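Undergrad: So the sequences go chain by chain: P and H.
Here UniProt numbering is used: position 140 in the first sequence is 140, and no number is missing along the way.
Here UniProt numbering is used: position 85 in the second sequence is 85, and no number is missing along the way.
Calculated directly from the structure, the hints in this document are not laboratory data.
It is possible that some hints are incorrect.
Same chains, same names: a pair is fine if it fits in one copy or spans any two.
[What the hints assert, rightly or not] Straight-line Cα separation of at most 30 Å, DSSO-like style, residue types lysine-lysine; simulated pairs: (1) K27 x K159; (2) K27 x K75; (3) K100 x K159; (4) K75 x K106; (5) K106 x K27; (6) K100 x K75; (7) K27 x K100.
Note that the structure is predicted; figures quoted are calculated from it, not measured.
Protein chains: 2
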Amino acid sequence: MYAKIVTGKFDKKIALMANILHRIGVKTSSAEQVYAALTSRNGLAGWWTNNTTGEGNAVGNTIQFRFGAGGFDMKVIELQAPVLVVWEVVDGPEEWQGTKIRFELKPDGEYVIVLFSHLNWQTPNEFMHHCSTKWAIFLMSLKQLVETGEGNPDPYDIKIDNWN
Amino acid sequence: MYAKIVTGKFDKKIALMANILHRIGVKTSSAEQVYAALTSRNGLAGWWTNNTTGEGNAVGNTIQFRFGAGGFDMKVIELQAPVLVVWEVVDGPEEWQGTKIRFELKPDGEYVIVLFSHLNWQTPNEFMHHCSTKWAIFLMSLKQLVETGEGNPDPYDIKIDNWN
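Start from the sequences, fold in the hints, and give me the full structure.
TA: Okay, here's the thing in structure tokens:
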């Protein structure tokens, strides 16, 4: 992704950071319940991956998420109960390292809206395309977990392509 | 979304265009079959919206997609059978007008990979977050259509939030 910048006599192209964005609505009156699914080990294991270690309920904590093919370590860098959760990726695939993952919650009528962003990808490569679709699938699993009590975390997640 | 540009003595902030990216893998040996689902009225009506008018198999054609809440008119601006389809949004919600939608197909083993992009959003607003998740849902419907013969187009699509 490039922007053409006009600076006096010169046109410059600069590489831009890229972001994954999503929005889901969880049918519940309790933002606390959605927040718990994003900050407790049991909650996270119920929608993202069964193989989750650590608690996300305190700034500075590290959570380990493991999947068949590898995993991610996330450091909790910001929390505002029950409206905001921000992680920084401290270990994982090269493309994920240093990126940030943000969940913003806001009640809206019958729903708690979750605005999700995975920020600061260096390159919008094919792996980023894959992760964007896969995040949608897992966020739908979060919605399902809170609404029905049962999500589809890895290894029960819906497969989207040959990378899983 | 902003980038800080260092130009001599001055730091400038510029607003950047934002993109929605996705990747799915359709389990088929026939890229032609996926291409048909992106260029024929019947194909498009089978995964995106039942209420589709027009054929997408010639550059310059306009396709009308209608949903409960409104719709989009797309002009076909580039075609390479069976590997590339590009549309420009010529009518629809303000945020969509002038954006481009691109499907790149490439066979990979048992799959035909679809690299999807919805390019050049002016602002990464809440509606863009919604559309990103919704595109993932509809691309999974495209995958299902080709693999099983039956997709989940509007009005049978999976609902993600209070905007549908």
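Undergrad: Hint by hint, say whether it matches the structure.
TA: Going down the list of hints, with the structure as the test:
no., hint, result
1, K27 x K159, "both (24 Å within a copy, 11 Å between copies)"
2, K27 x K75, "within (28 Å within a copy, 37 Å between copies)"
3, K100 x K159, "both (24 Å within a copy, 27 Å between copies)"
4, K75 x K106, "within (23 Å within a copy, 37 Å between copies)"
5, K106 x K27, "within (12 Å within a copy, 38 Å between copies)"
6, K100 x K75, "within (9 Å within a copy, 36 Å between copies)"
7, K27 x K100, "within (26 Å within a copy, 32 Å between copies)"
Checked against the numbered hints above, the structure violates none of them.
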